[in-house]
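K.L.:
Below, each chain spelled out in residue letters.
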Amino acid sequence: MKKAENLSTRQHRIRVLGGLPMLIIGIVIVAVLAVLGLTDGSGNTQRILIKMCLYCTMACMWNLLSGFTGMTSLGQQSFIGVAGYSMAIMTATYGMSYVVGWIVGGAIGAVLALILSLILFRMRGMYFAIATWVIAEALKTWFNSWEFVNMGGGMFVRGRPDQTIIFVLSLVLCVVAIVLIYFLLNSKLGLGLTAMRDDADAASSVGVNIFRSKLICFVIAGLFCALAGGMYYLNNVSVYPTNAFGISWTVSLVFIVIIGGVGTMAGPIVGTVVYIALDEVLANFPGWSNIILGLIAILIILFLPDGILGTLQKKLHFEILSQRRFSKE
Amino acid sequence: MIQTIINGIMLGGIFAILGVGMTIIFGIVKLTNLAHGEFVIIGAYASTLLANALGVDPILTLIITIPLMFVIGVVLQSVLINRVMLQGSEPALLVTFGLSIILQDAMLLLFSADAKKANVPYNSSTIPLPGGLYIPVLDLILLVISLVTILVLTLFLRRTYMGRAIRATSDDIVAASLMGVSIKKSYAIAMGIAMATAAVAGLCVGMRWTFYSSSGSSYLLRAFGVVVIGGMGSIPGALVGGLVFGLAQAFGGANYGLLASYIVLIIMLIVRPQGLFSK
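Residue numbers (the working numbering), protein chains in the order written: chain E, 772 to 1100; chain B, 2 to 280.
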């Protein structure tokens, strides 16, 4: 199996775009985004960039779970919603700064991931996927009837800072998330992860500590989804159970990662740009956005199963950042 | 207490028929159909609107909705899902997820966000029992419809050639295809049957509760719960799972019924993920 893969690698001469050139390109992209966001007078560019950074953070995390470790979660909204509510409770109920709300939200997200791992790691594949969804739905039902958080009436975040501050924090969060995933996947743990995704039993028999590797990824994903969710609801101000724990979060993340390319390092980034652009255009056609998104997702699965970036990489024989981590070989 | 148990058992039939469609797809096609909830809601709209348009009892609309949904299921499986299934189970799961969000928003556009219900004259009539207990007539009728559907389905799978072919496909694809069974045709028929049961489930949902265009996901999770409790692909298991869910719903009441069902499901996933009746 490995021999065959090496052969095909040699035949096609896959160029790995990484190291210094990619670092420079990355810095230039971040700098351009920062300048775009900070010099924006009307605030509209800033608004779109905030959305992009936050969705990109969450999508990269979903990709880490589904594309690299084989844990397809349909319930990342659990962490997003819990963090959104932490933000609202800390700022509105206890009158603290949004910084406290953000950190508490992240911490609760990470702890929630730890606790849920006890339940979820007994399951694999579609059981795992559905269980994550059931947990999110249970949280939604609970928050809907919990008086402390004003039941289904929702809560409001107090003391929202200037949008520029939210933009800077979102951009930093997104960059940190991508850099962290890059180093994680290029570490020994990362190799173990992909081995685990492709064949959990085989990986386990050659000494990959499956439980620990999965746990690290799941907690990181929980933490970052919570941080992104907290920032989203700080920006959004109002938080309701139906949208905070809604399946529409997962719809967006799945869409972004599929369109970009599951199991590719830069796929979620490409996917986010396409998704946010589509989302902005489709906002003019209320009611149709999910229909069109769903159709595009199905067409992509049918005709470009590796996503936009995955297909380009295979056709043009290059890989961005990480090497030999395709989901289907 | 006893009344709550009676109510729970009555509701169990509806949850069983919800789960049967899901368990067939799980067991035979080996697919997690995330659009099953939307299929049920389509059935609910079809029955409610037809009954209103024709001025007949909603139950009679099954004569139209069952064959209609069966055909839709066969076409859907042949045209779309059979193709993605070649790529593996994950892409197929995501395609049904895509279908689910498309259908949900399509129904919102077509039928608006208003609550709907199929009303009948015997909505709140009851049959009195000794000791102050009673049986709701509507629930009894729905229970009978569900049980008859499940019985017919079991007979079809056991006694007919097509049913045997479908079961053979579910047991061993290679052996079945060597014996001349068309796998794709079996899958298509199985999806058609699942859609037909969704038509019956939709009728029950539409007559028993108010529903919205967005109700699909909560029924999907219940259907999934029934499957998990009963075991994948097991029709008797779906009956037991339905009963468990009906009782959880009845004891939880209007406020905590859903939460109670989810908690039962999560506990079940932890303790015995393969289900009670798995092979």
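No wet-lab data here; the hints were simulated from the structure. There's no promise every hint is true.
What the hints assert, rightly or not - Computed cross-link-like contacts, DSBU-like style, restricted to lysine-lysine with a CA-CA straight-line distance of at most 35 Å:
1) K1085/E / K118/B
2) K1086/E / K185/B
3) K822/E / K185/B
4) K117/B / K1085/E
Claimed, not checked - With the Cβ distance kept under 10 Å, some of the chain E side facing chain B (calculated, not the full set):
5) L845
6) Y898
7) A902
8) I906
9) T912
10) V1044
11) I1047
12) L1049
13) V1052
14) A1054
15) N1055
16) I1062
Claimed, not checked - Which bits of chain B does chain E cover? Going by a derived footprint, with three or more residues having C-beta under 8 Å, they are:
17) 104-111
18) 195-202
19) 217-228
20) 254-266
If you're wondering where the values come from, they're calculated on a predicted model, not measured in any experiment. All C-beta atoms in this analysis are idealised placements derived from N, C-alpha and C, irrespective of residue type, glycine included.
K.L.:
With reference to the structure, classify each hint as holding or not holding.
P.N.:
Against the structure, the hints come out as follows:
| no. | hint | verdict |
| --- | --- | --- |
| 1 | K1085/E / K118/B | 52 Å, violated |
| 2 | K1086/E / K185/B | 31 Å, holds |
| 3 | K822/E / K185/B | 43 Å, violated |
| 4 | K117/B / K1085/E | 50 Å, violated |
| 5 | L845 | 8 Å, holds |
| 6 | Y898 | 6 Å, holds |
| 7 | A902 | 5 Å, holds |
| 8 | I906 | 7 Å, holds |
| 9 | T912 | 5 Å, holds |
| 10 | V1044 | 20 Å, violated |
| 11 | I1047 | 18 Å, violated |
| 12 | L1049 | 14 Å, violated |
| 13 | V1052 | 16 Å, violated |
| 14 | A1054 | 14 Å, violated |
| 15 | N1055 | 15 Å, violated |
| 16 | I1062 | 5 Å, holds |
| 17 | 104-111 | holds (count 5) |
| 18 | 195-202 | violated (count 0) |
| 19 | 217-228 | holds (count 5) |
| 20 | 254-266 | holds (count 7) |
In this structure, the hints that do not hold are numbers 1, 3, 4, 10, 11, 12, 13, 14, 15, 18, in rising order.
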